[in-house]
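Student: The lines below spell out each chain.
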Amino acid sequence: MTAMVPTADIDSGSGTAPLLQVRDLVTSIKGRKSDVAAVDHVSFSVSRGEIFGVVGESGCGKSMTALSILRLIPVNAAITGGAILFDGVDLTTLNERAMRSIRGNRISMVFQEPMTALDPSFTVGTQITEVIHAHSNVSKAEARERAAQMLDRLGITNAASRLDSYPHQFSGGMRQRVMMALALVMNPQLLIADEPTTALDVTIQAQILDLIAELRRDMGLSVLLITHNLGVVHEIADRVAVMYAGEVVEIGPVQQIFANPQHPYTQGLLRSMPYLTDRQDRLYVIPGRVPELRAMPSGCRFAARCRNRIPICTQRHPQLVENEPRHALRCFNPTPYVD
Amino acid sequence: MSTEPLLTVNNLVKRFPVATDFFGRSTAFVSAVDDVSLQVQRGETLALVGESGSGKSTLARLVLRLIEPTSGSVRFDGQDVLGSNKGQMQEFRRKAQIIFQDPFESLDPRMKGEVIVAEGMPDSGRSKSERKARVAELLDLVQLPADAARRFPHEFSGGQRQRLSIARALAVDPIFVVADEPVSALDVSMQSQILNLMRDLQDRLGLTYLFISHDMSVIRHMADRVAVMYLGQIVEIGPAVEVFSNPVHPYTQTLLSAVPSLIVGGTPPTLLDYEAARAAIGACTGSGSLQAVSGQPDHMVACFGEDAWVRHRGRM
Chain A
1 MTAMVPTADI
11 DSGSGTAPLL
21 QVRDLVTSIK
31 GRKSDVAAVD
41 HVSFSVSRGE
51 IFGVVGESGC
61 GKSMTALSIL
71 RLIPVNAAIT
81 GGAILFDGVD
91 LTTLNERAMR
101 SIRGNRISMV
111 FQEPMTALDP
121 SFTVGTQITE
131 VIHAHSNVSK
141 AEARERAAQM
151 LDRLGITNAA
161 SRLDSYPHQF
171 SGGMRQRVMM
181 ALALVMNPQL
191 LIADEPTTAL
201 DVTIQAQILD
211 LIAELRRDMG
221 LSVLLITHNL
231 GVVHEIADRV
241 AVMYAGEVVE
251 IGPVQQIFAN
261 PQHPYTQGLL
271 RSMPYLTDRQ
281 DRLYVIPGRV
291 PELRAMPSGC
301 RFAARCRNRI
311 PICTQRHPQL
321 VENEPRHALR
331 CFNPTPYVD
Chain B
340 MSTEPLLTVN
350 NLVKRFPVAT
360 DFFGRSTAFV
370 SAVDDVSLQV
380 QRGETLALVG
390 ESGSGKSTLA
400 RLVLRLIEPT
410 SGSVRFDGQD
420 VLGSNKGQMQ
430 EFRRKAQIIF
440 QDPFESLDPR
450 MKGEVIVAEG
460 MPDSGRSKSE
470 RKARVAELLD
480 LVQLPADAAR
490 RFPHEFSGGQ
500 RQRLSIARAL
510 AVDPIFVVAD
520 EPVSALDVSM
530 QSQILNLMRD
540 LQDRLGLTYL
550 FISHDMSVIR
560 HMADRVAVMY
570 LGQIVEIGPA
580 VEVFSNPVHP
590 YTQTLLSAVP
600 SLIVGGTPPT
610 LLDYEAARAA
620 IGACTGSGSL
630 QAVSGQPDHM
640 VACFGEDAWV
650 RHRGRM
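Going line by line, the protein sequences match chains A and B.
If you're matching positions, the first sequence starts at 1 in this note's numbering and goes up one per residue.
If you're matching positions, the second sequence starts at 340 in this note's numbering and goes up one per residue.
Hint data in this document are derived by calculation from the structure and do not stem from the laboratory.
Treat the numbers as computed from the prediction; the structure is a model and nothing was measured.
Check the hints yourself; a few may be wrong.
As the list claims (entries may be wrong) - One side of the interface only, derived from the structure: several residues of chain A facing chain B at Cβ under 7 Å:
| id | residue |
| --- | --- |
| 1 | ARG106 |
| 2 | PRO274 |
| 3 | VAL285 |
As the list claims (entries may be wrong) - According to the in silico footprint, chain A covers these stretches of chain B (three or more CB under 8 Å from chain A):
| id | stretch |
| --- | --- |
| 4 | 474-485 |
| 5 | 531-539 |
| 6 | 555-561 |
| 7 | 590-597 |
Stated by the list, open to error - Beyond 10 Å from chain A on every Cβ pair, some chain B residues (computed):
| id | residue |
| --- | --- |
| 8 | GLY363 |
| 9 | ALA367 |
| 10 | GLN378 |
| 11 | SER496 |
| 12 | VAL527 |
| 13 | GLY545 |
| 14 | PRO608 |
The C-beta atom is built at its ideal place from N, Cα and C for all residues, glycine as well.
Could you build all of it, start to finish, from the sequences and the hints given here?
Tutor: Pasting the structure below:
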């Protein structure tokens with residue numbers, strides 16, 4: 001039983017209107033001869049209080065998707081199609097002034113490298129209160145008080161005195177907490193976290209993931225979690241979209257996708273990871289490499305590397321199709337997962 | 340082949356000054372590597388695992404004598420590395436190679452593939468065509484296409500660049516390779532290719548690896564033996580299968596349990612409580628000294644007290 005469905009309909013199934021709906025988003029990069037789509041008709045939604053993961057390898061368009069939502073894409077790129085509905089408002093139609101009142105206020109972002117995202121020459125307190133002053137009319141003392149509360153909330157001890165410290169005086173994990181404080185101090189509805197734990201040690205990573213899960217539980221925060229780490233997604237996300245060459249190739253609840261991945265690319269990613277518990281003889285290797293943006297095949301983009309390839313795969317471009325409730329994939333010839 | 344370990348490190352210490360007085364004399368030190376002893380057998384992979392600042396990269400650089408230790412000794416292939424003369428050091432530099440995490444930063448962007456690979460080869464005894472043939476052979480060995488010889492580093496993918504840096508390391512016929520986070524900068528699909536390649540090369544060429552990673556799954560796949568480092572010291576060392584299924588030191592247990600769960604199957608590590616962990620290593624001869632785990636003579640764990648337990652595992 002396969003039915004063609006528009007992908008924007010695949011949401012968390014919570015019944016309420018999603019907080020964020022990305023519909024057929026196209027983000028193009030200007031090329032010398034023609035433009036190329038780094039994000040190609042991507043659709044997904046994030047419900048209130050949901051942690052939604054986007055996984056994929058470098059260059060698959062996952063970070064570009066995140067930056068498109070905040071309209072922070074590089075100058076040589078442009079959103080050329082689709083809509084981004086945030087709480088009912090299409091962000092692609094807003095002017096820069098309106099966007100600025102949303103960024104850092106209702107939608108915030110944390111990046112991979114806290115040291116490059118924080119300004120080394122200002123104290124942490126100055127940087128956090130700057131955000132507060134930008135979005136609300138409060139006194140200096142009040143802003144400082146709120147900044148201290150936020151640091152304290154994120155598990156930084158002696159928060160009030162730490163406000164006068166500079167970023168380099170914090171350890172890597174603490175810096176990521178400061179970044180999160182910066183992102184969360186205005187009590188946003190949506191947090192976009194782009195590889196938030198990639199630069200961190202595994203024990204610190206565990207703490208930050210616990211923190212994100214806790215904020216979702218206590219503040220009802222929605223999280224768009226961008227990562228290449230399947231383990232991280234499995235650990236805290238509710239649903240996940242797997243991206244390949246600018247497209248979503250599989251989307252669905254985390255438990256379903258990890259227990260029963262359907263797309264050959266998702267299967268390949270899972271199969272190629274070493275186990276923690278056993279030593280394998282050889283690791284599975286996905287042959288070949290990602291096609292270049294300017295040389296995208298007209299059929300399935302994964303066909304050249306796929307072991308399930310049949311003739312139609314190179315002739316027609318597969319659509320994202322729901323094959324079980326809330327679980328969709330873009331594949332002409334899926335097969336059950338055998339580890 | 341002798342039965343002496345290829346590499347023997349004894350009581351190695353490296354202290355870095357962290358404060359100086361008015362006259363520039365060092366007044367405070369941090370011990371990046373603090374009294375480390377270990378052996379690596381011929382043909383095996385010893386993995387060093389630990390978080391940033393644990394001293395694993397410093398230890399690797401000390402072993403290769405890229406930096407000088409404060410005290411201690413390094414014996415490699417029957418040779419005292421720290422007491423070697425210039426000629427002996429040249430021979431050591433040939434036999435012991437290193438590959439780094441980020442192949443983009445460790446490859447000269449203005450050199451073509453063939454120049455990068457051939458750079459370390461001895462000039463004498465080889466004609467130009469012989470060198471070319473050797474480069475082609477090395478590219479083939481690391482499964483790069485022949486035209487890689489004429490391409491620049493930026494024309495390669497991350498995985499291909501790491502292959503190129505492996506070919507460069509192998510150009511001088513080393514017997515020992517230090518790999519410092521060789522797959523950390525790579526995507527999952529590239530990572531499995533490079534790990535397979537490294538295991539193949541080890542089988543074919545009889546290489547000995549000192550493999551550094553912070554990724555426990557990668558370590559599990561590559562290591563015959565594992566040394567867990569924390570604050571410059573080895574807190575647990577032993578056969579990978581024993582350390583991963585029966586970690587004893589509280590830090591190793593925390594490290595293994597912090598890995599995001601993904602793959603089911605196999606036996607997850609048994610987490611011990613304080614009494615059981617202490618019982619496993621018997622009576623300590625002194626704080627911090629390595630003790631054999633009962634019933635596992637090759638599996639050694641540093642003595643730890645209640646304070647260390649609480650620090651790593653939380654409440655007792």
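Student: Indicate, hint by hint, whether the structure satisfies it.
Tutor: Now the hints, each set against the structure:
1. At its closest, the beta carbon of A/ARG106 sits 29 Å from a beta carbon of chain B; the interface hint therefore is violated under the 7 Å criterion.
2. Against a cut-off of 7 Å between C-beta atoms, the interface hint on A/PRO274 holds, since the closest Cβ of chain B lies about 4 Å away.
3. With its C-beta approaching chain B no nearer than about 5 Å, A/VAL285 sits inside the 7 Å limit, and its interface hint holds.
4. Counting residues of the stretch 474-485 of chain B whose C-beta sits closer than 8 Å to any C-beta of chain A gives 0, which falls short of three, so the coverage hint is violated.
5. With 5 residues carrying a beta carbon less than 8 Å from a beta carbon of chain A, the stretch 531-539 of chain B meets the three-residue requirement, and the given coverage holds.
6. With 5 residues carrying a beta carbon less than 8 Å from a beta carbon of chain A, the stretch 555-561 of chain B meets the three-residue requirement, and the given coverage holds.
7. Check on the stretch 590-597 of chain B: 4 of its residues sit with their Cβ under 8 Å from a Cβ of chain A, so the three-residue criterion for coverage holds.
8. Under the 10 Å C-beta cut-off, the non-interface status given to B/GLY363 relative to chain A holds; the minimum distance is some 23 Å.
9. Chain A leaves B/ALA367 outside its interface by the beta-carbon criterion, the shortest separation being 18 Å against a cut-off of 10 Å.
10. Non-interface status of B/GLN378 relative to chain A is upheld: no Cβ of that chain comes within 10 Å, the nearest being about 21 Å off.
11. Residue placement check: B/SER496 does not keep its beta carbon more than 10 Å from all beta carbons of chain A (closest about 6 Å).
12. Look at B/VAL527: its CB is around 6 Å from the nearest CB on chain A, not clear of 10 Å, so calling it non-interface is violated.
13. Look at B/GLY545: its CB is around 18 Å from the nearest CB on chain A, clear of 10 Å, so calling it non-interface holds up.
14. Remark: the non-interface label on B/PRO608 conflicts with the geometry, its nearest Cβ contact in chain A lying 8 Å away (cut-off 10 Å).
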